[in-house]
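Student: Make a model of the complete structure from these sequences and hints.
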Amino acid sequence: MTTTRRVQSEFVAAWHSFLRRRVAVFFTFFFPVLLVGIFGALVQTNPAGGGLFAEDPAYYVPGYLATVVLQTPLSRMGSEVARHREGSRFEKLATTPLSRAEWLLAHTLVNTVIIAIAGFALLVLTVGLTGASITFSPLLLLYVPVGVVCFCGVGALLGALADSQDGAITAANAIGLPLLFLSETFVPPSMLPDWFHPLVALSPLTYFAHGLRQAIWTGTDAGTVLLGLNAVESLAVLAVLGVAFFALGARAIPVTD
Amino acid sequence: MTVLATDGVRKTYGETTALDGVSLSVEAGEVFALIGPNGAGKTTLVRSLTGTVDPDGGTVELLGTAPREADEDRLGVLPQSFSPPGRLTAREVVAYYAGLYEDARDVDAVLAEVGVSDAADTWYENCSGGQQRRVCLGATLVNDPDVLFLDEPTTGIDPAGRRTLWDRIEALAAGGTTVFLTTHDMNEAERLADRVGLLADGDLVAVGSPGELVREHGGDRRLTVTVDGDPTAAADALGREAMTDGDRVVARGVEPAAIGDIVDALDRAGVEYTELSWAEPSLEDVYLALAGERFEPRAGRPVAGDD
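Just so you know, the sequences run in chain order A and B.
Using our numbering, read the first sequence as starting at 753 and increasing by one per residue.
Using our numbering, read the second sequence as starting at 14 and increasing by one per residue.
None of these hints come from the bench; they were simulated from the model.
The structure displayed is predicted, hence computed values, not measured ones.
Just so it is clear, CB atoms sit at the ideal spot from N, CA and C, and this is done for glycine as well.
Don't take every hint at face value.
[What the hints assert, rightly or not] Only part of the chain B face toward chain A is listed, based on derived beta-carbon distances under 7 Å: (1) Val90; (2) Ser94; (3) Ser96; (4) Pro98; (5) Gly112.
[Stated by the list, open to error] Taking CB as the label site, the calculated pair distances span: (6) Asp171(B) / Leu929(A): 41 to 51 Å; (7) Ala999(A) / Met14(B): 36 to 46 Å; (8) Gly27(B) / Ala873(A): 28 to 38 Å; (9) Phe779(A) / Glu115(B): 32 to 42 Å; (10) Asp69(B) / Val995(A): 30 to 40 Å; (11) Ala999(A) / Arg87(B): 21 to 31 Å; (12) Val939(A) / Arg87(B): 49 to 59 Å; (13) Asp915(A) / Arg81(B): 20 to 30 Å; (14) Met943(A) / Ala79(B): 55 to 65 Å; (15) Asp915(A) / Gly169(B): 21 to 31 Å; (16) Asp216(B) / Ser851(A): 34 to 44 Å.
Tutor: Set out below in structure tokens:
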């Protein structure tokens, strides 16, 4: 009961803080619009004749969702941890009953709500602008929060390792961009050299994109490095990685500056 | 009952020694002020006591146990550069911290207690510096702590705001709260503290009540004459040992009853002066003496009464 109360208090404070940063709110929700607008509508897909986006439009839907599920927690958590450290907030919180895991849980929940809203908008836009044909699966409702837990943990790790907010955001971008394009999101593994495939299998985002694609897309797979894993199994692997990164992230949260 | 105790606490950061075997104890209901120059190790000692820093050696006890095992519901900690979320109102900041405790006080009552009811609906980042620090104190008091750690609580606050905080801290102490504070303000330490500890280069060089420290380390009462002319003539006219420092002449050990005679002597000698002041030694003199920054007249030449 008290854990619930503490997490709720942290959640409410974090949620209000987010909502009152209008620029952050605007770009958080503008980002998926921009993403789908550029890649879904401007660049467009070309299933028949190759090109940058040569697969069926629905193939890329997990990629769009992966972008939001990866980038938002990485940059938000990284900068949030750095901001808390610079303001001696962790030093204060360390002397209250709130644990580091509870703090990370509250901020993960905030990110889950934000990403759920952004993800829904993204799905509507994708279907509307690209004509992607996807099937609804209840697994979609699990993939997003499990992915958010995983990448909030990674974001907390980055924030703990970086020495400033700028450093955390830079690190988030430096790690996020390669992951985004090398995790079966927008680039099928057939376009990558064979020797690189084991590295693709190491990325948590691969399990997100591959599993979600299996859950909501019925088209012909363009190849995967995760042969034999179905949607539920991929989700299970992602959940294990999520628990691990959450635990590591919570443990890494610094107490003092 | 001993609430805080350290024994031979050491802490180094690379080549820098922050704490070098610090031993002290603070009893329940006591107000203990820690003073010392920047970099003396004050914040490291506070962090060692609150469990946010692990000492390299020695032992620390808080409420009879290791700091990290202490009951957080009984602690209130205000870190030195603490800055809560800026876009929460003052009320929301205090309510946020109230939500972290099992039993918390009424938020509006706490805001009234620290004198920021008027700013309750103002974003923290839009509050004045004094209001911000008072909101932070409110967030620290919201769980009605038995032990309060205040790391430079009044830094950056105007005199009126400082007095409001002092009044609040005095009231808490009167109610039995143990207070451990660090400060650069000697008036603050002298007014609030039952005992003062002076930390210099990681070493606790003196501990005692303000009066005891002043008596032991504060030096003599001083008479200072700022002359409009030759200070040597003024020093000769005093008829006692004195030091010159530019246009000032300083005589130590002057009793208040002797001031009249000195004024007469200066008049007889035709010495013109712009200011004559007499001062008791203070905690600031103790600080300067023990921290190695004591004022000494630069000329350093005894000009009268010199054997």
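Student: So which of the earlier hints does this model not fit?
Tutor: Of the numbered hints, just 8 does not hold.
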